[in-house]
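Student: Chain by chain, the residues:
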Amino acid sequence: MKTEKLMMKGNEAIAEAAIRAGCRLYFGYPITPQSEIAEYMSRRLPEVDGTFLQTESEVATVNMVYGAASTGKRVMTSTSSPGFSLMQEGVSYIAGAELPCVFVNVVRGGPGLGDIQPAQSDYFQATKGGGHGDYKLLVLAPSTIQEAVELTQLAFDLADKYRNPALILADGMIGQMMEPVELPPMRDLSTLPDHSDWALTGANEREPHKVTSFNIDPYGLEEMNKRYQEKYTRAVREEQRWEEYKTDNAEYLLVGYGTVGRILKSVVDKLAEEGIATGVFRPISLWPFPYTRLRELAEAVKFVFTVEMSSGQMVEDVRLGVEGRVPVHFYGRMGGVVPTPDEICSAFKKLL
Amino acid sequence: MAKVQGYIEIDSERCKGCGLCINACPVKAIEFSSEFNSKGYHPAKYKGEGCIACGFCYLSCPDVCITVFHGARRKTPVGV
Amino acid sequence: METKIAFGGPKSLSGKEFTYCPGCHHGIVHRLIAEIIDELGIQGKTIMVAPVGCSVFAYEFFDVDGTVAPHGRALAVATGMKRALPDRVVFTYQGDGDLAAIGTAETVHAANRGEKLTTIFINNAVYGMTGGQMAPTTLLGQKTTTTPYGRRAKNDGYPVHISEMLSTMVGVAYLERVTVSTPQDIRNAKKAIRKAFLAQIKNIGFGLVEVLSTCPTNWGMSPVEAQRWLLENMTKEFPLKVFVDKVGD
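Which chain is which? The protein sequence lines are A, B and C, in order.
By our numbering, the letter at position 127 of the first sequence is numbered 141, and the numbering carries on one by one without gaps.
By our numbering, the letter at position 55 of the second sequence is numbered 110, and the numbering carries on one by one without gaps.
By our numbering, the letter at position 159 of the third sequence is numbered 149, and the numbering carries on one by one without gaps.
Below, a sample of chain B positions facing chain C; criterion: calculated Cβ distance under 7 Å: (1) C73; (2) G74; (3) L75; (4) N78; (5) A108; (6) G110; (7) F111; (8) Y113; (9) L114; (10) P117; (11) D118; (12) T122; (13) V123.
Heads up, simulated DSS-like pairs for lysine-lysine below, C-alpha to C-alpha not over 30 Å straight-line: (14) C:K6 - B:K94; (15) C:K1 - B:K94; (16) A:K142 - A:K175; (17) C:K(-6) - B:K102.
Derived by calculation from the structure, the hints in this document are not laboratory data.
Glycine included, C-beta positions come from ideal geometry on N, C-alpha and C.
Work out the full structure, taking the sequences as your base and the hints as a guide.
Tutor: And the structure:
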């Protein structure tokens, strides 16, 4: 499999990964720190007979994604925290109508206007549901540009597999950073999953298809919800993903995702120089959260130390996973401040 | 020109007794039935004569209850 | 003389009974759209986007592929569909609350982009489904469940003139305001709707027909009285007119 290797900015790598996954439709609205995705798409999509459209708002954007996804084609949008908040109603409709599509949230400091620095304070919104109703997003959190490429492609496959929206939860650093990446080859569009059994394409010599999240009869709506829950149960069983770093004989477990998951590797190395054996558990799928493996690892350590660029959101899932076996401590920075390895090390050592 | 003959059939079950056809009929050939349909409405009813097949009732019906026939009433009308 | 059907229901309707109140004009407009879909032979490639409102069920009344958009977002959903499938016929069916209140931005920008879409906009001056509240097109002085003293400009602003607004948009290819209150009006409305579809089919631009319609239940009138009230009052605020016609005959 011939792959190209080049230096790329995270935002642009994600865009290129989507195109190589067969995505030919992008609707988006400018918002720092991810506008490069839209800019890149506006250059690249015409080169591959794709369609790029800059919209009038994120509300319009998510609904255009709904419309394109309802035709069974691969479609994507990207935004950043305030923009993704505007999309929540649409996300709920997309989940309810069981439409495959990919969202990218390059998270920035919040709440409100916040700032444009990298942050992780949208974890709850992404994993517990920012919109109304019982639905879930398949949420994947990259910590390198290469992983962002791979997870973007995986997001499209999972969205199709589960007929459900998937979300890449990145942050300003991953979006803006440049790193060498190996790009997979262009996917042959004829190999894309076939959704002609439900997609809205015009009832040509077939019964009309109705795609909607609507059902005025509660029992009917409950049946629809049961169908969603079956999918989520399957995803919990099959889609838990994580990375471990030096967890084999760790006395303490550090837990962090995305950018922080990456920083924690340097923390482990630093502490090892001081003879302290720690390891990193880095969730990659934030939903379904990798509770199973976390529970196993928690058995073998004295305590768990969670670090986030927020006031502590994923830490609640860590506590759920650890289930009181050992104490779970937390350290976080807010406002888009990125914690340094040194400050994490000193915060950790205070717990010893 | 000989007056055009026609007649109409009204789906009395689907009719909601709104009266728009009665109001629109230029020859006043439709009236409310004294009976009720299963929805509890007095459906519209063709008086049985006078229809000129102009279609105003069909045009005005919000529930597509009326079929207008051109020509004399026969036991089994020929569909077009 | 051999007896044959002069006027019979269109094929493109699914046969499901309409959920509208007795005398509601939604049903007339539905039939006109279905007749046009039959006549243009596009049933097999038409996709419908229903709104949130009384016509939220409309996607079930037509024998075409359909969905329901979030309130106000039908034209964004339709844009996504049309961009994905440029050779299909995509139309939205929306009420005044959906299109002229929450969905104003989506409407203005779809029109401004000249999206090859067709929109049937039902203006009955109230929010019907939710029980008769004021809509952007409620007339001054008109009583609704949220303007119990009558709409007062000082507090509630003025009736919104969507067709006049959109007529300034270069991307618009066909734009007319009609009513379906008399047989003649109904025939004219059908011609208008057909042209709004042809604006899309002929790839010219955005087509929209604003249909002044009755809401007997929430106006508190009989269906016949409601039609009279509409012709005497609504047409004064909302003159019937062809605003844009780049379709021709």
